[in-house]
Amino acid sequence: MSTLALLLTQTVNALSQSALLFFLGVGLTLIFGLMRIVNFAHGALYMLGAFVGYSIAAWSGSFWLALAGAPLLVGLFGAGFELTILRRLYRRDAHAFLMVTFGLALVVGEAVRLTWGSDALQVAGPPALSGVVFMLDEPFPVYRLFLVAIGVVVAVAIWQFLERARLGLLIRATSQNADMANALGVDVKMIRSCVFGIGCGLAALGGVLAAPLVTASNGMAATVIIDAFVIVIIGGMGSFLGSLIGALLIGFVQVFGNYYAPDFALAFMYLVMLAVLVMRPGGLLGKEA
Amino acid sequence: MALLELDGVTRRYGALVALDQVAMSVEEGEVRAVIGPNGAGKTTLFNVITGTVKPTAGTIRFAGHAIAGLPSHQICRLGVSRTFQITALFPEMSARDNARLAAQARHARRWLPFGGGHVFAEAEALADAALQQLGLTAIADRPAGLLSHGDQRLLEVAMAMAQQPRVLLLDEPTQGLSVEETAQAVETLARFLKASRMTVLLVEHDMEVVFRLADRITVLHRGGVIADGTPDQVKADARVQDAYLGGLE
Amino acid sequence: MKPLTTGIAGIALLAVLVLAPLGLPPFAMTLLTEAVILGLFAMSLDLMFGYTRLVSFGHAAAYGLGAYACGWLLLNTGMPMLFAVFAGALLTGIVGLGVGWMCTLATGVSFSMLTLAFAQLLYAISFKWTSVTGGSDGLAGIPRTVGPFGFAALSSKAGFYYFALACLVGGFLACRALVRSPFGAVLRGIRENEAKTTALGYNTRLYKIAVVAVAYGLGGLAGGLYAPFAGFANTELLFWLLSGQVLIMVIVGGAGTLVGPILGAAFFMLMEHQLSAWTEAWALYFGLIFIAFVLFAPEGIWGLATGLATGRFRPASERH
Numbered sequence: 001m002s003t004l005a006l007l008l009t010q011t012v013n014a015l016s017q018s019a020l021l022f023f024l025g026v027g028l029t030l031i032f033g034l035m036r037i038v039n040f041a042h043g044a045l046y047m048l049g050a051f052v053g054y055s056i057a058a059w060s061g062s063f064w065l066a067l068a069g070a071p072l073l074v075g076l077f078g079a080g081f082e083l084t085i086l087r088r089l090y091r092r093d094a095h096a097f098l099m100v101t102f103g104l105a106l107v108v109g110e111a112v113r114l115t116w117g118s119d120a121l122q123v124a125g126p127p128a129l130s131g132v133v134f135m136l137d138e139p140f141p142v143y144r145l146f147l148v149a150i151g152v153v154v155a156v157a158i159w160q161f162l163e164r165a166r167l168g169l170l171i172r173a174t175s176q177n178a179d180m181a182n183a184l185g186v187d188v189k190m191i192r193s194c195v196f197g198i199g200c201g202l203a204a205l206g207g208v209l210a211a212p213l214v215t216a217s218n219g220m221a222a223t224v225i226i227d228a229f230v231i232v233i234i235g236g237m238g239s240f241l242g243s244l245i246g247a248l249l250i251g252f253v254q255v256f257g258n259y260y261a262p263d264f265a266l267a268f269m270y271l272v273m274l275a276v277l278v279m280r281p282g283g284l285l286g287k288e289a
Numbered sequence: 001m002a003l004l005e006l007d008g009v010t011r012r013y014g015a016l017v018a019l020d021q022v023a024m025s026v027e028e029g030e031v032r033a034v035i036g037p038n039g040a041g042k043t044t045l046f047n048v049i050t051g052t053v054k055p056t057a058g059t060i061r062f063a064g065h066a067i068a069g070l071p072s073h074q075i076c077r078l079g080v081s082r083t084f085q086i087t088a089l090f091p092e093m094s095a096r097d098n099a100r101l102a103a104q105a106r107h108a109r110r111w112l113p114f115g116g117g118h119v120f121a122e123a124e125a126l127a128d129a130a131l132q133q134l135g136l137t138a139i140a141d142r143p144a145g146l147l148s149h150g151d152q153r154l155l156e157v158a159m160a161m162a163q164q165p166r167v168l169l170l171d172e173p174t175q176g177l178s179v180e181e182t183a184q185a186v187e188t189l190a191r192f193l194k195a196s197r198m199t200v201l202l203v204e205h206d207m208e209v210v211f212r213l214a215d216r217i218t219v220l221h222r223g224g225v226i227a228d229g230t231p232d233q234v235k236a237d238a239r240v241q242d243a244y245l246g247g248l249e
Numbered sequence: 001m002k003p004l005t006t007g008i009a010g011i012a013l014l015a016v017l018v019l020a021p022l023g024l025p026p027f028a029m030t031l032l033t034e035a036v037i038l039g040l041f042a043m044s045l046d047l048m049f050g051y052t053r054l055v056s057f058g059h060a061a062a063y064g065l066g067a068y069a070c071g072w073l074l075l076n077t078g079m080p081m082l083f084a085v086f087a088g089a090l091l092t093g094i095v096g097l098g099v100g101w102m103c104t105l106a107t108g109v110s111f112s113m114l115t116l117a118f119a120q121l122l123y124a125i126s127f128k129w130t131s132v133t134g135g136s137d138g139l140a141g142i143p144r145t146v147g148p149f150g151f152a153a154l155s156s157k158a159g160f161y162y163f164a165l166a167c168l169v170g171g172f173l174a175c176r177a178l179v180r181s182p183f184g185a186v187l188r189g190i191r192e193n194e195a196k197t198t199a200l201g202y203n204t205r206l207y208k209i210a211v212v213a214v215a216y217g218l219g220g221l222a223g224g225l226y227a228p229f230a231g232f233a234n235t236e237l238l239f240w241l242l243s244g245q246v247l248i249m250v251i252v253g254g255a256g257t258l259v260g261p262i263l264g265a266a267f268f269m270l271m272e273h274q275l276s277a278w279t280e281a282w283a284l285y286f287g288l289i290f291i292a293f294v295l296f297a298p299e300g301i302w303g304l305a306t307g308l309a310t311g312r313f314r315p316a317s318e319r320h
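Residue numbers (the working numbering), protein chains in the order written: chain A, 1 to 289; chain B, 1 to 249; chain C, 1 to 320.
The set of hints was computed from the structure by calculation and includes no laboratory data.
Hints may be right or wrong, so weigh each one.
Partial list, derived from the structure: chain C residues whose beta carbon lies under 10 Å from chain B [to be verified]: (1) 181; (2) 183; (3) 189; (4) 196; (5) 200; (6) 204; (7) 206; (8) 210; (9) 214.
Glycine included, every Cβ here is placed at the ideal spot set by N, Cα and C.
Throw the hints in and build the complete structure from the sequences for me.
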């Protein structure tokens, strides 16, 4: 394989990995930005998304239906959790959220194991995307290109939503000053439920999309929650653009690290994070923490 | 020699000059008020003296030490104690424990990781004395977070006093109080200041409070000193009237 | 609860723990020993979480580091177990100084995440540094070496239990002295209002670094005990799940009470054991119980117990 071809395929690989990481990180950062909550259950909801997606695909035979249905169902579940449990905690300190969502992670993780069993489940991607294309004579899976594309689409969609849509405007206003927004007649409670639901739905979207690559397994929650934290911290908690930059950085570090120095790949990610935090405690685009 | 002496103290935030060549000196035992329109740089002045903000230029001498740019805990240990514009207390601790923790900060063995009965005893004696000076003895055992606003403000002063400071910096001690609460707090403060002969630097918005408490007044405007003198001199000063009335331009 | 009553309750509990080996079957002794070790681990975290409001999400780092260090010494040097356990604790405490220095650069949630990142870094290293850590297999066959001078009493089942219990009681007395000292008063100040504590003239960062080092040292002591107790040390001891679990133990037991986290650890062990005997889905129920604690009993088991004993719930202001 020529060096150039190698570099190209690895770069596209890294971009597709970044896209998956971005779905995780952006949900987490949206939730944090609005509610100052660190959602520990984010990884578990990502996993839930993968398994729900598996079931929808198995039942309907359509990956596309799974791609639409799983985020919706998990998003509704997230909004329901906010309505019934989290809502009681807004007067308490930030750690209460961390703990309740940790409890939720345990519950969801176990519920998934009981419902779908302990074995990893193979999720078939859509047939239309199952082939390979040749880039500089090297075969490359179409599905990974699709991930890059959908990553770009979702990033632009969220950005436009936050900038243009009425709900996006309300979310930004509430993030900056919830009391003021409340005084101006914004239904802050409703916004919080929505955003928590949207964040969870984005995690599930990542789960469904990752499933054809990595299979749906019980272990996926634990791995990705740490990745998601790292991304959001590097980018700056609550910063949309930051989560994008963090996802790209970590995606490249993971893919290239795995290729060139597999023994140290895992450590690289944490070293990058430590380096960023030592230089900028609030993350690259975060406010000073 | 003056206890606290500032010369050419300047603090810039980018293009904004918050303090511009400020020079002033505070004599031992004097109550000095710093007044000025909003944004004149009064709180920045406090932050620079206490080390929370480093001056861009200039010298600050306190009791013979050059303190400009030192970390705030070191300046504090030299004998500069302050209160904040927004009440800052340990809400779950009793008033006495608040003052005791303040006093402990000056003890040579404040960090002792075991025992320490004597440290606590000495700190508590100072704390009780300070609470007494500000008339808070009766409520010493109540959690600070449950005190009235007026008592919370006075407790802050007591905490500063428990540190046996050589100079006390009071940042708007009646901020956020009702008219009635202000009157009570000012009476208590006036009695306390008269009895203690403490050196005080006071920032205050309320002119009645200033004229009631201060011996001398320094007027800041747009980061610079425009007048300095007794209350009567300052009242009569044309530039001061300009600054206050013209400040609205 | 009056101090006297608490004292009597404590002495009674200690007497029960001391006499336990006489009446308990071997499997129960194993559980009890593990509960004692986990109690020490949870108590060490309480210094940071309960007393200083430093929320560590990586306390497994201390446990795993202590376990690996002690295990490595026992496997490779034949050093007496007594010394190896304390050497592991010392090493972990020294590492804790570095961790404290680095993590206190940040505050709040970023602090938590830095502790997590550091623990995950160790986790990653434990997989790859195979020559020392045994990689994904971990260190197995860790012996309970005898000595010094052929002193073998600690190697038996009951002997090891007493060793662990002595560490717990010693650790508890040390922690209690610490939190009641002037140093402890400053920690409470940092917990309630760090900015004000700084303004009073305390160099709060030094206090935070010191408390992280002490908490790591004690956590390392617990991990050092675990290695010869279980006979192995593996990567799970460094995994973030354990960090989360120990935080649960502290909160469920009652943060900021020292005794509470020990009870929380025992409760955790008991629940894990009882629920797993009764249902395969024990983690599910445990998660639900935990959520219920956060929602309805933020003061934890100890808070509930002392609340019941005095006929009322203590307000947060009276907590120490």
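The hints, checked one at a time:
no.	hint	result
1	181	holds, 5 Å
2	183	holds, 4 Å
3	189	holds, 5 Å
4	196	holds, 4 Å
5	200	holds, 4 Å
6	204	holds, 8 Å
7	206	holds, 8 Å
8	210	holds, 8 Å
9	214	holds, 8 Å
Every hint, counting from the list given before, is met by this structure.
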